[in-house]
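*Asks:* The hints should help you fit chain B onto chain A, whose structure is shown.
Read top to bottom, the protein sequences are chains A and B. Heads up, the first sequence is in our numbering, so the first residue is 381 and it goes up one at a time. Heads up, the second sequence is in our numbering, so the first residue is 381 and it goes up one at a time.
Hints should not be assumed to be uniformly reliable.
When chains are identical, the list treats them as one kind, so a pair holds in a single copy or across two.
Stated by the list, open to error - Simulated crosslink set (EDC-like; lysine to aspartate or glutamate; CA at most 20 Å straight-line):
1) K463 x E482
2) K596 x E632
3) K660 x E632
4) K596 x E635
5) K695 x D525
Simulated from the structure, these hints should not be mistaken for lab results.
There are 2 protein chains.
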Amino acid sequence: MASMIFTDCSTSTMSRLNHLNRLNGAFLPRPCVGKLSLPRTASGRGCTLSIRSSSSPSAIVINGKAEAKKIKDDIKIEVSRMKELIGVVPGLAVILVGENKESATYVRNKKKACEYVGIKSFELLLPEDSSEEEVLKSVSGFNDDPSVHGILVQLPLPSHIDEQNILNAVSIEKDVDGFHPLNIGRLAMRGREPLFVPCTPKGCIELLHRYNIVIKGKRAVVIGRSNIVGMPAALLLQREDATVSIIHSRTENPEEITREADILISAVGQPNMVRGSWIKPGAAVIDVGIKRVEDSSTARGYRLVGDICYEEASKVASAITPVPDGVGPMTIAMLLSNTFTSTKRFHNFQ
Amino acid sequence: MASMIFTDCSTSTMSRLNHLNRLNGAFLPRPCVGKLSLPRTASGRGCTLSIRSSSSPSAIVINGKAEAKKIKDDIKIEVSRMKELIGVVPGLAVILVGENKESATYVRNKKKACEYVGIKSFELLLPEDSSEEEVLKSVSGFNDDPSVHGILVQLPLPSHIDEQNILNAVSIEKDVDGFHPLNIGRLAMRGREPLFVPCTPKGCIELLHRYNIVIKGKRAVVIGRSNIVGMPAALLLQREDATVSIIHSRTENPEEITREADILISAVGQPNMVRGSWIKPGAAVIDVGIKRVEDSSTARGYRLVGDICYEEASKVASAITPVPDGVGPMTIAMLLSNTFTSTKRFHNFQ
Chain A
381 MASMIFTDCS TSTMSRLNHL NRLNGAFLPR PCVGKLSLPR TASGRGCTLS
431 IRSSSSPSAI VINGKAEAKK IKDDIKIEVS RMKELIGVVP GLAVILVGEN
481 KESATYVRNK KKACEYVGIK SFELLLPEDS SEEEVLKSVS GFNDDPSVHG
531 ILVQLPLPSH IDEQNILNAV SIEKDVDGFH PLNIGRLAMR GREPLFVPCT
581 PKGCIELLHR YNIVIKGKRA VVIGRSNIVG MPAALLLQRE DATVSIIHSR
631 TENPEEITRE ADILISAVGQ PNMVRGSWIK PGAAVIDVGI KRVEDSSTAR
681 GYRLVGDICY EEASKVASAI TPVPDGVGPM TIAMLLSNTF TSTKRFHNFQ
Chain B
381 MASMIFTDCS TSTMSRLNHL NRLNGAFLPR PCVGKLSLPR TASGRGCTLS
431 IRSSSSPSAI VINGKAEAKK IKDDIKIEVS RMKELIGVVP GLAVILVGEN
481 KESATYVRNK KKACEYVGIK SFELLLPEDS SEEEVLKSVS GFNDDPSVHG
531 ILVQLPLPSH IDEQNILNAV SIEKDVDGFH PLNIGRLAMR GREPLFVPCT
581 PKGCIELLHR YNIVIKGKRA VVIGRSNIVG MPAALLLQRE DATVSIIHSR
631 TENPEEITRE ADILISAVGQ PNMVRGSWIK PGAAVIDVGI KRVEDSSTAR
681 GYRLVGDICY EEASKVASAI TPVPDGVGPM TIAMLLSNTF TSTKRFHNFQ
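Chain A on its own, in the form it takes in the complex (with noise of 0.2 Å):
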């Protein structure tokens, strides 16, 4: 699932912005934070990270940190529930093929969320030489395993596996990535449903509901057009009735169409691509980008950046994520909730 620009972590200098100001449903602007520290590392592409002016507006931050917390905690109380009344643990398999750290990474933490929500976790850690037919039968046999809701091939596998092949033998009805072309198909089509749409983009739509931004008959632009993000993210913005733009690395002066966004969402892992000038003042911003900078500052020596110039669009914008602590968490939380529905279709619970 995802690709590794997306991730989950949880903690960062970025996570002090995290703060909410909400009433009776409706946004105000967050109060003058004072001046924060951010560090004023040269990043990607000139954007200015600099030191937050108490005068001007200020775009509330949309916690998804937060938000993934809340849907976890729901979980939870359901994933017990279910094994209370009808005795049946929900059950997620992780298959990953070779050493990627970074994909251990992911693996590790999905594991994590699993035991906390009481999701069973089931990890399988094949050689990276294992061969595509090695590959195929594990999933097979998952798709076999009745105590198995969902099937999980983490990405990228190593190159001389066919990606195609393997998700395409993901059993449909475990296809908790959503990436299954029957899935992005009935996902693409007016009155079809898909039975999972894929994690990170879900995770986009549900931080817009849960924030009240509305999405019908608004402009909405999706930088990018990958198969894990951009394009779902496009499909049920769409399914949502808003009129949809999509943008990607063929578009001429991007940032025309950026403008005339109600909602933006970026899914490029270009840091800081997007300036504050790129954005229609009171957008809603959702930056899915994520990527290392290197930061001698931070005792890591790097910092995570978005693709958004956070400093910028947030004196622009009405709502916006940070990164980290934005849309990475609720990935992991839209994949619980998928492998709980997953599980719920299987067993016919309500």
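*Replies:* Chain B only, in chain A's frame:
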């Protein structure tokens, strides 16, 4: 296949407008055609069908009828070569349920087109009160029949039959309409290839190609998000690296978006909805809509009118499809092309 708003009508007053000036692959404004006596009847939404002024610049008319003829002639040669070399005749099965007059006309046209190119057509006319099971059984029979390479269920089906169930039952290898969600999913995904692309949007893109209209990097706007035209047309444009926006009934101020389109495809079935002022000067305009509009001055008592106010648009656009004889004939040509492609795939014929 396709809904009632698509047709392949082959005669009309509009056909008098079909002529083309092409020089070395570049488009020149076509010269003044003098005073054409187009009917002055009031048509939908107040589009003025004024007498064409000789001083107005005029768009190239994209002659779908002529291009469809060329495609059919090419297929005819290929079908004949296939028969000669491997003794195989492509087969297209059409299932028509009930006695919808328009559907019957389309089926007749398809049969005629099949005969023209040498494709064997199998027609199955089922009574209006056929059960879903009976229709499914027919689909299944054609799925198993090796002399059938394409199956087409004429839409709309009677209301007691679940369209989804029927379309899903068509073998994906014979889904020449390209409506199966697995084909749509592959169409939406980067790096995947659908077995078939829906005929009408495929015909639109084919016309753009045949008129050397650049798609890559251009702004494209699709009006309408139907499963059979708007949505797949948007996906196709995106596959060719256009920056695509989709407009629909919930879009506010659609004309602000269409005015940015280098390529505009309209597929809503609202006569003359798109006015000249909606169009960017120099845009290529593809009109998929087709509706009957009462017109006592014609022998039939009606005219066929597209979504685009042709008289206005043709003064602003650089290229435009007429209605009829624009996209309509291309739909059937693409159906024949899909059927032939399917046959080649079944018999591994190059």
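*Asks:* So, for every hint listed, does it hold in this structure?
*Replies:* Going through the hints against the structure:
no., hint, in the structure
1, K463 x E482, "neither (33 Å within a copy, 56 Å between copies)"
2, K596 x E632, "between (27 Å within a copy, 10 Å between copies)"
3, K660 x E632, "both (18 Å within a copy, 17 Å between copies)"
4, K596 x E635, "between (23 Å within a copy, 18 Å between copies)"
5, K695 x D525, "neither (51 Å within a copy, 64 Å between copies)"
Hints 1 and 5, counting from the list given before, are not met by this structure.
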